[in-house]
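Enquirer: With the hints as constraints, model all of the structure from the sequences given.
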Amino acid sequence: MSHNDFSLFPYTKWQQYANRVWRDESRDLLFYGDPQGEPGLRREIADYLGQFRGVRCIPEQIVIGAEQHLLMSLLAQTMLYKGDLKSIAVENPGYRLLPGTFRNYGYEIIPISLDNEGMNLDELDQATSWCIPVASVPHGYDDAD
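All the letters of the sequence shown, read from the start, carry residue numbers 5 to 149 under the working numbering.
These aren't lab readings, by the way, just hints derived from the structure by calculation. Since we're looking at a predicted model, the values are computed, not measured. Note that CB positions come from ideal geometry on N, CA and C, so glycine has one too. Among the hints, erroneous ones may be present.
For each label pair, taking beta carbons as the anchor points, the in silico distance ranges come out as [claimed, not checked]:
id, residue 1, residue 2, range
1, LEU89, HIS7, 41 to 51 angstroms
2, ARG107, GLN19, 41 to 51 angstroms
3, LEU33, LEU12, 19 to 29 angstroms
4, GLY110, PRO43, 26 to 36 angstroms
5, PRO14, ASN124, 39 to 49 angstroms
6, ARG31, GLY69, 20 to 30 angstroms
Expert: Put into structure tokens, the structure is as follows:
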């Protein structure tokens with residue numbers, strides 16, 4: 005059972021915002037949106053990635069979802085379908101759900117050790133592909149710096 009303290013939650017403001025959304029032309033809220041995520045949000049993410057992370061991408065290459073295991077499964081399936089990629093390098097120690105998900109789809113998992121700066125680049129050079137998170141789990145390195 006949750007032990008959160010909701011005494012400071014702004015219920016009145018929340019109700020005002022909810023009423024405003026339903027008062028405006030909101031029929032679209034009753035239908036499924038774009039299966040890749042809202043186009044405006046994907047545009048903003050693509051712009052952010054280009055400007056602050058040096059990643060060149062377009063909104064059509066971005067998929068937004070609510071459940072990370074499902075998204076990782078879709079990524080693993082898509083990568084298998086699109087190419088010959090059979091291995092993926094992951095930080096070790098790291099987020100355990102990632103290698104387990106990819107292993108379930110037949111990928112070879114290449115664990116990459118961490119040093120004071122993050123992933124060991126010498127080991128990474130030997131890997132076929134890799135995932136670099138914004139913040140390293142469990143060490144908390146911020147790769148954005």
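Enquirer: Next step is simple, just say for each hint if it's right about the structure.
Expert: Comparing the hints with the structure gives:
no., hint, in the structure
1, LEU89 to HIS7: 41 to 51 angstroms, "holds (44 angstroms)"
2, ARG107 to GLN19: 41 to 51 angstroms, "holds (46 angstroms)"
3, LEU33 to LEU12: 19 to 29 angstroms, "holds (28 angstroms)"
4, GLY110 to PRO43: 26 to 36 angstroms, "holds (33 angstroms)"
5, PRO14 to ASN124: 39 to 49 angstroms, "holds (46 angstroms)"
6, ARG31 to GLY69: 20 to 30 angstroms, "holds (23 angstroms)"
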